[in-house]
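Undergrad: Sequence:
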Amino acid sequence: MSPQETAPQHPTDRPRVAIVTGGSRGIGHEAVKRLAADGYAVVIGYAGHREPAEAAAKDITAAGGRAVAVQADVADERQVATLFDTAESEYGGVDVVVHAAGRMYLAPIAELDLAELDTLHRTNIRGTFVVAQQAARRIRGGGALITFSTSIVGLALPAYGAYSASKGAVEALTMILARELRGRDVTVNTVAPGPTATDLFLDGKDEETIARMAAQPPLERLGTPPTSPRSWPSSPPRPATGSTASASAPTAASSDRHRTTFPFSRP
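Numbering follows this note's numbering, with no gaps: position 203 of the sequence shown is 203.
Watch out, some of these pointers could steer you wrong.
Said to hold, decoys possible - If you anchor each label on the Cβ, the simulated ranges turn out as follows: (1) 81 - 58: 24 to 32 angstroms; (2) 116 - 64: 37 to 45 angstroms; (3) 14 - 168: 35 to 43 angstroms.
What the hints assert, rightly or not - Listed below are the simulated DMTMM-like cross-link pairs for lysine to aspartate or glutamate, each with C-alpha atoms no more than 20 angstroms apart in a straight line: (4) 33 - 54; (5) 58 - 38; (6) 33 - 90; (7) 33 - 51.
In short, the hints are calculated from the structure, not lab data.
Computed from a prediction, not measured in an experiment: that's the story for all the values here.
Built from N, CA and C at the ideal position, the CB exists for glycine as well.
Please put together the full structure from these sequences, using the hints given.
TA: The structure is reproduced here in structure tokens:
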């Protein structure tokens with residue numbers, strides 16, 4: 001049978017369930033808190049930061065919510081399958097997958113250590129593919145998969161070659177999966193944030209730097225592109241979103257490529 005014929009459906013009498021990879025820190029952690037506040041049961045996926053992941057789950061359950069932390073290397077298909085198995089056994093299914101796990105390594109292309117390239121692409125490309133594969137098989141009707149690209153794909157800053165290449169692959173994969181799941185009532189989107197004020201990004205920065213960054217519009221941090229759509233080049237830059245779990249601003253190319261939203265709550 002085709003995926004459209006076998007897709008699990010969302011029972012109206014059960015709570016909505018979300019899996020968040022990279023949920024122990026950064027944007028993933030903020031997504032965990034937002035989803036829990038919206039009433040979702042949350043499975044917090046983490047690779048190596050057990051303590052913050054388990055602390056987040058404990059805080060959610062103490063506040064009356066439902067959450068569990070599960071260790072999983074996103075590039076390991078067996079561990080990711082276990083992550084989804086946990087969501088189904090603990091809470092009855094999967095409705096939303098936020099794939100926030102990722103790795104960054106910066107170096108000029110001429111100086112890049114290829115071992116670092118392999119490690120980065122294993123997490124960012126293979127990891128996204130593995131999570132997307134499980135999501136495509138298991139998300140119930142009415143659900144959503146959200147992956148993460150970056151504004152750097154459009155801004156093309158020096159030293160970001162390997163990272164940007166991996167995120168360009170994420171964008172391509174997301175667009176194709178959205179088309180493959182047509183008819184399933186499953187939303188597949190990617191988000192392309194710039195510098196985002198989370199604990200992970202701000203770690204080690206002094207108060208003056210934080211205050212200066214907070215006072216600037218997101219695009220001014222990296223250089224503001226033209227504001228008129230008619231003046232954008234054929235490959236327009238992706239604006240940075242200045243928020244985390246509530247990001248809703250479309251990219252410059254959203255009208256003909258994909259939307260950048262977090263469809264956690266459907267009308």
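Undergrad: Now, for every hint given, state plainly whether the structure supports it.
TA: Outcome of the hint check:
1. 81 - 58: 24 to 32 angstroms: For residue 58 against residue 81, whose Cβ atoms are near 25 angstroms apart, the range 24 to 32 angstroms holds.
2. 116 - 64: 37 to 45 angstroms: With Cβ atoms ~43 angstroms apart, the hint holds.
3. 14 - 168: 35 to 43 angstroms: Check passed, 37 angstroms falls within 35 to 43 angstroms.
4. 33 - 54: Given pair residue 33, residue 54 holds - Cα atoms ~13 angstroms apart, limit 20 angstroms.
5. 58 - 38: holds, 17 angstroms
6. 33 - 90: holds, 19 angstroms
7. 33 - 51: holds, 16 angstroms
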